[in-house]
Amino acid sequence: MTTPPTASQTVGPFFHLGFVYLERENLVPEGAVGERIAIKGKVLDGEGNVVPDAVLEVWHTDSTGRYFDENSPCEPGGHRLHGFGRIETNDDGEFRFTTIKPGRVRAPDGSLQAPHIVVTLFSRGLLKPLHSRIYFPDEAGNADDPVLKLVPPGRRSTLIAARSGENGSQHLLHWNIVMQGNGETVFFDC
Amino acid sequence: MRAASYVRVPAGTQPPYDYPPYVSTSKRHPKQPLILLPHTSSELTGPVFGHSDIGENDNDLTRQHSGEPQGERIIVSGRVLDEEGRPIPNALVEIWQTNAAGRYRHRVDQHGAPLDPNFTGCGRMLTDREGRYRFVTIKPGAYPWQNHPNAWRPAHIHFSLFGAGLLSRLVTQMYFPGDPLMPFDPVLNSIPDENARSRLISHFDWNTTIPGHALGYHFDIVLRGRLATPVEVPA
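Quick mapping for you: the protein sequence lines, in order, are chains A and B. Position 26, counted from 1, in the first sequence is what my numbering calls 26; the numbers after and before it change by one each time, with no gaps. Position 218, counted from 1, in the second sequence is what my numbering calls 218; the numbers after and before it change by one each time, with no gaps.
Just so you know, not all the hints are guaranteed correct.
[Unchecked claim] In the DSSO-like style, the derived pairs of lysine-lysine whose C-alpha atoms are separated by at most 27 Å in a straight line are:
#: 1; chain 1: A; residue 1: K101; chain 2: A; residue 2: K40
#: 2; chain 1: A; residue 1: K42; chain 2: B; residue 2: K27
#: 3; chain 1: A; residue 1: K128; chain 2: A; residue 2: K42
#: 4; chain 1: A; residue 1: K128; chain 2: B; residue 2: K27
#: 5; chain 1: A; residue 1: K40; chain 2: A; residue 2: K128
#: 6; chain 1: A; residue 1: K42; chain 2: B; residue 2: K31
#: 7; chain 1: A; residue 1: K40; chain 2: B; residue 2: K139
#: 8; chain 1: A; residue 1: K101; chain 2: B; residue 2: K31
#: 9; chain 1: A; residue 1: K128; chain 2: A; residue 2: K149
#: 10; chain 1: A; residue 1: K149; chain 2: A; residue 2: K42
#: 11; chain 1: B; residue 1: K139; chain 2: A; residue 2: K149
#: 12; chain 1: B; residue 1: K139; chain 2: A; residue 2: K101
#: 13; chain 1: A; residue 1: K149; chain 2: A; residue 2: K40
#: 14; chain 1: A; residue 1: K101; chain 2: A; residue 2: K42
#: 15; chain 1: A; residue 1: K101; chain 2: B; residue 2: K27
#: 16; chain 1: A; residue 1: K101; chain 2: A; residue 2: K149
Hints in this document: simulated from the structure, not taken from any laboratory. As the structure is a prediction and not an experimental result, all values here were calculated from the model.
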């Protein structure tokens, strides 16, 4: 006999209390190999107002396209959380995190997905999380990405970060989450 | 190459995004259609947590300060299972809650109930090999919120869980049996299926009650992870 999964409820406005200990904006492990990137953006609601009480969780591969697992080496301090980040928006609705650009990982049909970061968004007013992805600008693999191909062409740009410059050896990218309305970000039904 | 795919969630067992009685949903729910996502390793993998992520007293919310907190001491325990009833070991369980008076230790909470200097209200642990977890805490209080006139949230404990992969991720709330506020709560009542709603209510449990010390409440949690029939695709 199977039981359906337990129902989701909103994370509410006070999640900082429970989440803060695992919050991490810098996902770059010591000695990491790959292209350093910083991604910054805002979360906006259906009236274009900033969302100062949201939290994003991000997940992505290493630079070779491999997801971290229980066999991956530990970070200093014993965490084994490479590729995982938890970032709150600030009072201006902004989030920012730094990491190493992920590699490409296969889809079930054997094709290669374009490099991407999986994003899960929680907030007050969301009874269950929103699921999205961040893709990278000027990436040849985007044209053949099996997930991007499922998105109506006019909406694909909402999943692709924009370049906003460089800071030393770090590439700066910009990507907003628009929860509703004009320019609404693509969200997935998982 | 073997393709794995999780069974889609049964209708009615999860809340919608748009639920007008919960006012905050109105500006935050997507209006465009969601894109159905095939399950790739991006969805099927997830962060792995270990004991280095947990402190020694992190599962005892009554022992994190020099004195004991006010309120009724309770043991909250249960199992984390998959849809087939199999235990999920090493699942990270995070909780947070108000104190006994219904006040969160958070800068945004301005409810006129006192803070308790001996209570912060957050904890975490990893499930054991049988998928079991156990927290010692204080029964949280109901608290007023601004959703509608004279609105009060029933007493609840927030739960956040990481299972084997991202699709198993769950954030939910646990309620207490017999709470008179439950029939009026828009957050709980957003779940269409009555059985799914009732599964968020803990059960009073004599087995985990410690005489003279604490009442026990039992709450099992089911995480998504049931594979659809695997399909072979060319390697």
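Hints, verified against the model:
no.	hint	in the structure
1	A:K101 with A:K40	holds (14 Å)
2	A:K42 with B:K27	holds (16 Å)
3	A:K128 with A:K42	holds (20 Å)
4	A:K128 with B:K27	holds (15 Å)
5	A:K40 with A:K128	holds (24 Å)
6	A:K42 with B:K31	holds (19 Å)
7	A:K40 with B:K139	violated (39 Å)
8	A:K101 with B:K31	violated (31 Å)
9	A:K128 with A:K149	holds (25 Å)
10	A:K149 with A:K42	holds (25 Å)
11	B:K139 with A:K149	violated (49 Å)
12	B:K139 with A:K101	violated (44 Å)
13	A:K149 with A:K40	holds (25 Å)
14	A:K101 with A:K42	holds (20 Å)
15	A:K101 with B:K27	violated (32 Å)
16	A:K101 with A:K149	holds (22 Å)
Consistency with the previously given hints fails for numbers 7, 8, 11, 12 and 15, ordered from lowest to highest.
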